[in-house]
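Peer 1: These protein sequence lines are chains A and B, in that order. With full-length UniProt numbering, letter number 85 in the first sequence gets 85, and the count goes up by one each step, no holes. With full-length UniProt numbering, letter number 148 in the second sequence gets 148, and the count goes up by one each step, no holes.
It is worth saying that the hints were derived from the structure and are not from the lab. Remember, it's a predicted structure, so these values are computed and weren't measured experimentally. Check each hint, because a few of them may be wrong.
In the DMTMM-like style, the derived pairs of lysine to aspartate or glutamate whose C-alpha atoms are separated by at most 25 Å in a straight line are [unchecked claim]:
no. : chain 1 : residue 1 : chain 2 : residue 2
1   : B       : Lys87     : A       : Glu121
2   : A       : Lys130    : B       : Glu51
3   : A       : Lys130    : B       : Asp187
4   : B       : Lys88     : B       : Glu28
5   : A       : Lys130    : A       : Glu106
6   : B       : Lys128    : B       : Asp197
7   : B       : Lys248    : B       : Asp237
8   : B       : Lys87     : B       : Glu129
9   : A       : Lys130    : B       : Glu63
10  : A       : Lys117    : B       : Asp13
11  : A       : Lys117    : B       : Asp178
12  : A       : Lys117    : B       : Glu15
13  : A       : Lys130    : B       : Glu79
14  : A       : Lys117    : B       : Glu172
15  : A       : Lys117    : B       : Glu51
16  : A       : Lys130    : B       : Glu121
17  : B       : Lys87     : B       : Glu61
18  : A       : Lys117    : A       : Glu106
19  : B       : Lys88     : A       : Glu121
20  : B       : Lys88     : B       : Asp13
21  : B       : Lys88     : B       : Glu172
22  : A       : Lys117    : B       : Glu79
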Amino acid sequence: MGWNWETAQELWPLLMEGLRILLLVTLISSLIALALGLVVALTDRSAPRAVTMPLFAVMEFIRNTPVLVQAVFVWTAVTMWLGTAASPMWTGAIVLGVHYASYTAEAYRAGIDGIPKGQWEAITALSLPKPRAWIAVLLPQALRRSTPALGNYVIALFKEVPILSAIGVTEMVRQVDGYAGLNYTGALEGFTIAGLIFLVVSYPVALLMRKLEKRLAN
Amino acid sequence: MVHFENVVKRFGDLEVLQGLNFQVQPGERVTLIGPSGSGKTTILRLIMTLEQVTDGVIWVEGEPLSHMRKGERLVAANEAHQRQVRKKIGMVFQQFNLFPNMRVLRNITEAPVHVLGQSKEQAHTRAKELLELVGLSDKADAYPSQLSGGQQQRVAIARSLAMSPDILLLDEVTSALDPELVADVLDLLKDIAQSTDITMLIVTHEMGFARDVSDRVMMFDRGVIVEDGPPSQVMGDPEHERTRSFLKAVLGESQG
Ligand SMILES: Nc1ncnc2c1ncn2[C@@H]1O[C@H](COP(=O)(O)OP(=O)(O)OP(=O)(O)O)[C@@H](O)[C@H]1O
Ligand SMILES: [Mg+2]
Numbered sequence: 001m002g003w004n005w006e007t008a009q010e011l012w013p014l015l016m017e018g019l020r021i022l023l024l025v026t027l028i029s030s031l032i033a034l035a036l037g038l039v040v041a042l043t044d045r046s047a048p049r050a051v052t053m054p055l056f057a058v059m060e061f062i063r064n065t066p067v068l069v070q071a072v073f074v075w076t077a078v079t080m081w082l083g084t085a086a087s088p089m090w091t092g093a094i095v096l097g098v099h100y101a102s103y104t105a106e107a108y109r110a111g112i113d114g115i116p117k118g119q120w121e122a123i124t125a126l127s128l129p130k131p132r133a134w135i136a137v138l139l140p141q142a143l144r145r146s147t148p149a150l151g152n153y154v155i156a157l158f159k160e161v162p163i164l165s166a167i168g169v170t171e172m173v174r175q176v177d178g179y180a181g182l183n184y185t186g187a188l189e190g191f192t193i194a195g196l197i198f199l200v201v202s203y204p205v206a207l208l209m210r211k212l213e214k215r216l217a218n
Numbered sequence: 001m002v003h004f005e006n007v008v009k010r011f012g013d014l015e016v017l018q019g020l021n022f023q024v025q026p027g028e029r030v031t032l033i034g035p036s037g038s039g040k041t042t043i044l045r046l047i048m049t050l051e052q053v054t055d056g057v058i059w060v061e062g063e064p065l066s067h068m069r070k071g072e073r074l075v076a077a078n079e080a081h082q083r084q085v086r087k088k089i090g091m092v093f094q095q096f097n098l099f100p101n102m103r104v105l106r107n108i109t110e111a112p113v114h115v116l117g118q119s120k121e122q123a124h125t126r127a128k129e130l131l132e133l134v135g136l137s138d139k140a141d142a143y144p145s146q147l148s149g150g151q152q153q154r155v156a157i158a159r160s161l162a163m164s165p166d167i168l169l170l171d172e173v174t175s176a177l178d179p180e181l182v183a184d185v186l187d188l189l190k191d192i193a194q195s196t197d198i199t200m201l202i203v204t205h206e207m208g209f210a211r212d213v214s215d216r217v218m219m220f221d222r223g224v225i226v227e228d229g230p231p232s233q234v235m236g237d238p239e240h241e242r243t244r245s246f247l248k249a250v251l252g253e254s255q256g
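One chain only, chain B, in its complex shape (with noise of 0.2 Å):
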């Protein structure tokens, strides 16, 4: 499904990844952890083609994303290409980024009209579904600027869905909240987990949510993998150091 391959990424000269290399399966739900600066957000980043990989190749439903084929060889994906291939990606962003000058309803018809070919009436009926499914049925003409953090959030959501992705970025996605209104974010996402079977990789700090929906969980630190295994086992009963000092450091924090 996605397919990390030697996948080395620098900013300069700033060597985020050396070479990563693992594999999601269809429906997977994976979740990265890690400390700050460790690479999750860049991966997820990676996937979405806002970044480009600097070498190795990232592999999408069997499609490279980065390179592109021509005859044996693969070259460096022209902006097509990446077109063709993110249409299954969705992405959940901290800041959500919807479109201030649209309506809530026209934040989510967009792309279905315009990049899906949908029928206007078609892309309103699943809009509305994915409104009510989000509980935002009254807010369809809405302003985002008239929306709280959590119910903006919970907008996006619906704006990515919309899209029907196969695969589901979600990037600390409740971290610019008001911690009352996180939980309902999460219970919309855990929901959304159950109810489809999109794959979902998932950066997060909040280790319930974690358990709760993943199947597999990545500890990376300074863009390497240390432990990649069930939560149970990962967050549970960590085999490697850092990773039980990672888990310490911010459980104490969210109980703090």
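Bound-form chain A, shown alone (with noise of 0.2 Å):
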């Protein structure tokens, strides 16, 4: 039952291309949760209550239910409404960039929010229309606030895809996974081996995430 080598260079190649699946839902679920967050944020400041307050209980309802669930649902009923199985990368990508986008809307407001007061008022005593006051004054500034925050969002999106393999989304644990359910070995190389790629990858992003946060904080 000890390490295997044989048997972790055979999973090598799955593990590769489980992470190639999972780099890539991390892509599409990450532009996903920074464009949409961003849409929320930008929506919840200038519509009216009667967007804004259906838009915040569809957040808070996706905020407060677990992916898993969120991904299941959401796959089981394309699927039926298809009558032919959805993607599952797909499904899941867009499942997971919505549910973050949850989360980016809050550091976006709160980027939004940490925008000094004295820069309305100079926006105001310049007469800059909102729209051009948005694009050249507050989101560069709001950004700025906010990319500490989001970048750790991404990280975490990240480590959650393999949450995905519910719906059968290949990335690394699902290939291990599947190796071991056939070959009744190999769940201690596998899951060893991902969990270091999974720190390879995420660790450095993180140091660069609290570089960037102490930088911005003088």
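Two chains, two separate frames, one set of hints: put the complex together.
Peer 2: Take a look at the structure:
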């Protein structure tokens, strides 16, 4: 039952394929989370209450239910609706992206709220039109403040991708599971290496974010 | 030019202005003095539309600022109307409020390009002229955070002048500065007062400066004009006890 290098070697290409899917899902989900979160935060600032109240409710709901449940539910619903199996990768990536949008929206909001009152007053005093003020003054400052939090959400999202193995996304964990199910071995090697890969990818990013956070603080 | 007609301003239960009336003529330099909390900042902020009047009307160049004409009647002004009227008004703040994400030059050109519709070159040329006026030609490419407070304030003055305002509002523009940086900014403002005919409303505790630049000084107390006249009279020979004690307090402070 000890460590077997041969098994590890056999697992390597599967893990690499899993990593490819993992990174792809992370990329798609992050883009969705970053874009949608910004749209939500801006809508929240400028739309009438008739829009922001339901939006707030939806975001609360998404934030307070598990990704796993959301993914399984959406995949099942879409599959029933299409009459044929939905793409696990795309379904998973979108669900995860929307889920994290509910967090990034908060990060953007905090960034916007952190803009000093004097900036808004200067905008008024110069008569800058709203859209221009957002593009040239407010968003650049808000994004700067939100960047560390957003970076941390991307890392958290990356680490949550394996949850999507539940709907058949063939990232690393799913690959190891598949191998172990067929060969009755490899779980130890597979999960160890997968864990190390997670660490190798996310730790430098986390360090970078911490550095950025410190630099932005002063 | 600027005309307050029975202007009332309340913050909750606190009535800061209780039916204020005054007029400022084109080109006039008016200094507002008075103890803390007397409503000086509120008056400037109302003109800049950073606050809305509770009651009464503010007229700017014959146009109601807080209201707009709807047939015969005056109704509360909307955002578009206010934007139109306040293009003629510039304000310099105690805390400068430069845009930290833009270099000095773009701080100055941003509004002329996107509000007045000037071409980039036009705005650029004008910004360079203004930077020369405020003595910061070498700082065009610096970020605000790389400048001293006095330099930032001079950029802020250049930024508001770039909009060619008819009316300039200055609210304690040297209060946040280290003492050794105050003189430069005040000298610059004196220059501007001499070389332009911009109408100015100035709130300051620098009495020497007030005496030098103003045509008129208004002494406020609790939102009411206590005394209104040329600086030689209001500051040199005040009629009212409250003005006397205020001046004594301020002058005593700056000498101590
Ligand atoms: N946004 C606000 N909400 C509530 N009260 C306010 C607000 N702005 C001003 N006030 C109050 O209105 C009064 C007048 O304030 P204002 O800032 O106009 O005084 P000031 O004459 O400029 O005083 P200072 O010399 O200290 O700057 C004060 O009592 C102040 O506390
Ligand atoms: Mg004040």
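Peer 1: Give a verdict on every hint.
Peer 2: Hint by hint, here is what the structure shows:
| no. | hint | verdict |
| --- | --- | --- |
| 1 | Lys87/B / Glu121/A | holds, 14 Å |
| 2 | Lys130/A / Glu51/B | holds, 18 Å |
| 3 | Lys130/A / Asp187/B | violated, 35 Å |
| 4 | Lys88/B / Glu28/B | holds, 15 Å |
| 5 | Lys130/A / Glu106/A | holds, 22 Å |
| 6 | Lys128/B / Asp197/B | holds, 21 Å |
| 7 | Lys248/B / Asp237/B | holds, 12 Å |
| 8 | Lys87/B / Glu129/B | holds, 21 Å |
| 9 | Lys130/A / Glu63/B | holds, 23 Å |
| 10 | Lys117/A / Asp13/B | holds, 23 Å |
| 11 | Lys117/A / Asp178/B | holds, 23 Å |
| 12 | Lys117/A / Glu15/B | holds, 23 Å |
| 13 | Lys130/A / Glu79/B | holds, 11 Å |
| 14 | Lys117/A / Glu172/B | holds, 17 Å |
| 15 | Lys117/A / Glu51/B | holds, 13 Å |
| 16 | Lys130/A / Glu121/B | holds, 24 Å |
| 17 | Lys87/B / Glu61/B | holds, 12 Å |
| 18 | Lys117/A / Glu106/A | holds, 19 Å |
| 19 | Lys88/B / Glu121/A | holds, 16 Å |
| 20 | Lys88/B / Asp13/B | violated, 32 Å |
| 21 | Lys88/B / Glu172/B | holds, 21 Å |
| 22 | Lys117/A / Glu79/B | holds, 19 Å |
Violated hints, listed in ascending order, are 3, 20; each of the other numbered hints is respected by the structure.
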